[in-house]
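Enquirer: As a plain string of letters, each chain reads:
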Amino acid sequence: MTLTPDSAGPAPVMLAAAPQNFSLRRVWAMVLRYIYLLRSSWPRMLELAYWPIVQMILWGFITQFFATNSSWVMQASGVLLGAMLLWDVLFRAQLGVSLSFMEEMWSRQLGYLFATPLRPIEHVFALLTLSFLRTLIGVIPASLLAIVFYKYSIFTLGLPLVVFFANLMVMGWAIGLFVSGVVLRFGLGAESMAWFLIFALAPFSGVYYPVSTLPAWLHPVAWALPSSYVFEGMRAVMFQGVFRADLLAAAAALNLLYIALGVGAFLLAFRIARQRGLLLEINE
Amino acid sequence: MQDTVVEVRGLTKRYGPVLAVDSIDFTVARGSTTALLGGNGAGKTTTLAMLLGLLLPTSGSITIFGEDMLRHRQRVLPRMNFSSPYVDLPGRLTVREILVVYGHLYGLADTRARIASLAADLFIAEFLDRQTRTLSAGQKTRIALAKALLNRPDLLLLDEPTASLDPDTGDWVRGYLRDYRRGTGATILLASHNMTEVERLCDRVMILRAGRIVEEGSPSGLIEKFGRATLEEVFLDISRDRTGVETSRIRLAQ
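Protein chains in written order, with this note's numbering: chain A, 1 to 284; chain B, 1001 to 1254.
Calculated from the structure, these hints are not laboratory results.
Note that the structure is predicted; figures quoted are calculated from it, not measured.
Cβ coordinates follow ideal geometry from the N, Cα and C atoms, glycine included.
Each hint can be trusted.
So the derived label-pair ranges between C-beta atoms look like this: (1) B:Asp1171 with A:Arg271: 33 to 43 Å; (2) B:Ser1136 with A:Pro220: 58 to 68 Å; (3) B:Thr1004 with A:Ala200: 47 to 57 Å.
Excised from the complex, chain A in its bound form (with noise of 0.2 Å):
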């Protein structure tokens, strides 16, 4: 039997050239795909910028204050590595509240917990001990290996170290909730906020650094920041040998202060959650 055009159906879609091994449309179309996604979150686009400014900025300011201070390093061995883990132990805390929350929003969880009696504030005190164990898996081998490596030990900082710990603890769980509220509220698309943002308060935190390095201007804002008297307490003990009460008790009021900001933040969001029927549809 012959098909007229008629009866042959639908006439067949005109495709613009043969089929090739290779084709440039199709990796068009892929490189469309992931403009289309870049486009689709502002966090994301943010961050193709944020992290060469950030570094810019943070290694501007160490090596302005390097630059005339050579021999800083030298007066107190391990200054640097102690620093470091220090600001591990903010950076591990705010993780371990965030990532452990989006672990419940990656497996689309969080209609079934809500549909528990799990409260969100115990939800977020189970973050917080999580976060806990989190940093103290993620911090002790690296302060260990410290002592094997570069025979420095970080717990010569003796009990101001304890304080020191608690405090860039709760400033990290106050960032780690208000990211977490953030990503509630925004989605997925945000998840980025939870590497992104604490970074950014490292060049101001004085963590390598005295917040004296810091241009006039800015030490408002690193005097906003609990971790900056941390680093200045603990550069204090390292330096001179002596434990400044006095920072402690401004990183301590300030970190009440955001504690309560961020569990304030995630309980907001998890309202507006609520209202927007965000805990069943999570998705990016």
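Since the structure of chain A is already known, use the hints to place chain B on it.
Expert: Coordinates of chain B only, in the frame set by chain A:
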């Protein structure tokens, strides 16, 4: 003894200009299996989510077991449970780990014994120690069902309980739910657009369209009322607007 387990009055959910649920009223009797039936976007899942407290209504009241769900959900949730194909179980956890976690969340006295009992009932013992990501869709459905029955709920909410299951597994799930209800006197409220499932399992149906309950009754009663042979034909009559009810989604902005 209270005969009404769920009482909903003037329940409304609005997302911006879209009215997802439009001032619905209904009750669910103890020991019944009731279906919320409707097409995609009819408001079934939204209604279930509001009953669970996962979604806050714009207005209206929800009373479950005599408690105001909007104010005292923590008192009610231990007696409820929920399953949905749209909520996953964590893939990297084993089945046992998942059930242990939920056992704690529901405050079970003897989680280990309960898991063993469910494992035997639902034939999941052989994969209790496997990660859920390695399981088939049918196996995952049984795990979700085990999670949903873990606290022996007096009220079980199910969102499309047999979605994406083959007919054999779907039939097995329906049979198990029927036995559970008979054995425990529990109340089941399910959302579905599977007419056969609703006809076989439920003693009452509420048909939703555009966020409103447009018909309700027993499956056989509705079939008789519309003079049709199956519930599916009744549903098509309603969804194709042969009853004069507005079909389009209500947009306040229009």
